[in-house]
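Asker: Chains Z and U, in that order, give the protein sequences. Mapping to the working numbering: the first sequence position 130 is 130, numbers consecutive. Mapping to the working numbering: the second sequence position 199 is 719, numbers consecutive.
Where hints are given, some of them may not hold.
Cross-link-like lysine to aspartate or glutamate pairs, in silico, EDC-like; alpha carbons within 20 Å at most [stated by the list, open to error]:
id: 1; chain 1: U; residue 1: Lys605; chain 2: Z; residue 2: Glu480
id: 2; chain 1: U; residue 1: Lys635; chain 2: Z; residue 2: Asp482
id: 3; chain 1: U; residue 1: Lys635; chain 2: Z; residue 2: Asp216
The set of hints was computed from the structure by calculation and includes no laboratory data.
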Amino acid sequence: MDCCGGTTEHEDDCGEVKVKDSIDAKTVEAAKALESENYSAGFSTTIETDFAPKGLSEDTIRYISAAKNEPEWLLEWRLKAYERWLTMEEPSWAMVRYPKIDYQGYYYYAAPKAGAKYASIDDVPKEILETYEKLGIPLREAEVLLGVEGAVETAAEGREKPRVAVDAVFDSVSVATTFRKELQKAGVIFMSISEAVHEYPDLVKKYLGTVVPQSDNFFATLNSAVFSDGTFVYIPKGVRCPMELSTYFRMNAENTGQFERTLIIADEAAYVSYLEGCTAPMRDENQLHAAVVELVALEDAEIKYSTVQNWWPGDEDGKGGIFNFVTKRGDCRGDRSKISWTQVETGSAVTWKYPSCILRGDDSVGEFYSIAVTNGRQQADTGTKMIHLGKRTKSRIISKGISAGKSDNTYRGLVSVNRKAVNARNFTQCDSLLIGDKCGAHTIPYVENRCASAQLEHEATTTKLSEDQLFYARQRGIAEEDAVALLVNGFVRDVLQHLPMEFAVEAQSLLKVSLEGSVG
Amino acid sequence: MRPMLKITDLSAAVGEDSEAKTILNGLSLDVPAGEVHAIMGPNGAGKSTLSYVLTGRSGYEVTGGSATLNGENVLDMDPETRAAKGMFLSFQYPVEIPGVPVMTFVRTAMNAQRKARGEDEISAPDFIKKSRDVAKTLNLDAEMLKRPVNVGFSGGEKKRLEIYQMMMLEPKFLILDETDSGLDIDALKTVADGVNAMRDPSRGMLVITHYQRLLDYIKPDKVHVLAKGRIIKTGEADLALRLEKEGYDGVLGEAA
Ligand SMILES: Nc1ncnc2c1ncn2[C@@H]1O[C@H](COP(=O)(O)OP(=O)(O)OP(=O)(O)O)[C@@H](O)[C@H]1O
Ligand SMILES: [Mg+2]
């Protein structure tokens with residue numbers, strides 16, 4: 001993140017916090033024992049796969065584009081990005097350390113052999129369906145998948161839970177999208193971006209790369225050159241999307257990079273809530289994930305984007321795991337529009353991620369609610385950027401970082417207020433919770449304020465998981481690990497409240513799993 | 521018959537090895553089921569330390585002696601195991617738990633205990649009904665139970681919340697550490713009524729207090745004086761009255 005004059009920096013380090021010894025000694029022991037068995041999504045699926053030639057070159061890009069039967073303009077767009085990427089350098093400012101990535105060592109495109117898109121769910125290879133089933137993703141809901149007219153509606157009415165339409169991405173390609181017909185009825189477009197390129201080329205052309213420009217940063221440019229698949233959503237004027245939309249990303253093939261591209265457009269006065277979930281199998285080598293997400297909210301529109309991420313974090317020695325370098329940005333293009341990001345980050349070996357909002361429209365609102373957990377040797381450098389351009393724009397940042405084991409957890413945030421953003425307001429609260437004394441928590445808020453009428457508030461706290469609280473809960477009969485989970489849930493409560501109900505429940509159990517072995 | 525709680529020659533220290541400080545020094549005490557025993561003693565005598573050692577708080581090292589509950593050695597058990605066996609401590613200084621509502625906390629605790637004992641979880645409606653009843657007995661505002669545990673509670677409210685938890689969890693052996701301090705006159709009576717309602721031939725209680733007024737409501741079967749890490753005197757209910765009149769010096773002078 002570039003930062004210029006008027007920047008403030010402040011850091012909290014674990015070592016400065018006073019702590020009782022008994023808990024730490026034990027914690028360190030336990031953290032050492034952190035075992036990979038904790039990662040329940042760590043299985044891989046055996047399936048025949050088509051790969052692009054290994055490594056990155058113009059040929060790779062032509063291969064991808066041809067495999068997807070893309071129009072000429074998109075190939076050109078990719079090649080332009082590739083040319084640009086060749087001139088760029090990998091950023092090094094984040095507080096994460098990882099071995100040099102060999103970009104020629106990855107496959108940039110991997111697709112299940114049976115063919116990229118399936119005419120019906122019955123054509124989706126059984127191994128893939130089983131994989132998603134293991135992950136608990138309801139792709140095989142018979143009523144939807146049989147594609148029987150009317151079955152969707154009947155089945156849907158009989159249900160109490162809010163429904164979620166799912167687009168599932170397996171390695172590089174989208175394999176199934178549920179609830180499509182019903183969404184179409186509401187005028188909602190929800191499909192893989194490769195399909196959208198063919199079916200709605202004008203929409204894609206109009207918005208692709210307008211929020212995250214091709215040349216935005218090293219990883220975004222790489223993504224622009226090689227993006228394989230992802231999700232496209234368009235909510236027409238005045239439409240409130242009738243259900244939660246969701247994409248599940250699953251990395252399966254070895255040595256594969258995943259470069260999905262998501263584009264969500266909420267037209268005037270439209271509303272959509274979108275959920276993103278990710279998992280990957282355990283592998284010794286590092287897998288590369290460099291996604292780009294672009295959100296566009298027009299006048300009076302609202303987009304809620306929630307992520308629960310539990311990529312494989314690597315083993316206890318820091319071997320393997322996902323490198324997660326993601327560019328997520330929302331553009332509040334219209335007046336009174338609103339974009340809120342909620343994220344629960346528990347996985348990845350290295351996370352580098354700053355979901356941001358450009359508050360362009362007057363009275364637009366940006367929100368960022370984040371829970372980032374690091375354990376073992378994980379490193380996370382995450383935060384947000386709120387760019388206030390319009391008048392009376394408001395932003396709110398609540399970040400909860402939890403560090404355990406030998407991990408490092410950094411919040412890095414920028415609040416920038418343009419000269420014209422009169423009466424802009426920001427509230428930032430960053431809380432860090434430390435479990436043990438080998439971990440680190442860092443808070444790095446940058447502020448650029450060029451407008452005298454702006455009101456900016458920042459609060460930061462760093463606390464240790466308290467032994468008194470732990471004992472109090474255990475005295476009441478709650479086992480140690482459950483007590484930790486309960487305390488941590490209490491710590492993150494004001495963020496969890498912003499997740500859709502079903503996701504919040506999933507997030508809670510994820511928190512527990514990812515902190516297993518962190519005390520004891 | 522074997523007493524419910526049997527403490528024999530118990531010694532315990534706090535602090536690191538090199539600077540370990542002995543707090544309990546050969547303490548012996550028996551509480552039979554169905555009885556209420558009061559413990560009185562000067563500040564710093566080791567009363568809270570005894571309650572922590574019995575419930576398994578870390579930071580205390582047992583250097584000698586034993587403590588059994590219904591014949592089982594409790595000193596080797598995890599705090600949560602002791603809780604599941606029915607040991608409950610009403611804290612002298614209840615702890616705040618931000619972000620965790622009282623109801624969530626108590627329900628988690630109740631189900632954890634039930635699970636440990638191989639019992640079924642309590643259903644949500646049953647739990648809510650029970651909670652409502654207990655809250656009513658204790659004059660607790662239902663809204664308070666939706667707030668995070670002890671956060672922003674007044675001193676007296678915290679103490680009442682301890683008793684709420686006790687009545688919800690229905691423990692077998694109760695240790696009340698200065699539950700009366702911080703309570704107003706009416707609350708003292710309410711809390712005492714709650715405690716008395718728990719008196720049962722199968723339950724034992726240790727009531728730590730500095731004042732006779734609590735014992736006016738909760739009539740003890742025995743009163744012990746704890747000083748310098750051991751029980752130095754045991755008497756009937758009237759011992760508390762004598763202590764109040766003569767002070768520790770008077771009574772202890774006689775004991776020495
Ligand atoms: N962690 C500790 N480190 C050092 N000394 C301690 C520690 N914990 C307790 N003590 C000391 O042990 C002694 C007994 O403390 P304890 O809290 O058990 O007293 P008490 O009888 O409950 O007193 P009060 O009536 O004031 O509540 C005190 O002198 C106290 O300072
Ligand atoms: Mg005390």
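Asker: Could you run down the list of hints and mark each one as holding or not?
Answerer: Status of the hints after comparison with the structure:
1. U:Lys605 / Z:Glu480: holds (16 Å)
2. U:Lys635 / Z:Asp482: holds (13 Å)
3. U:Lys635 / Z:Asp216: Violated, at about 54 Å.
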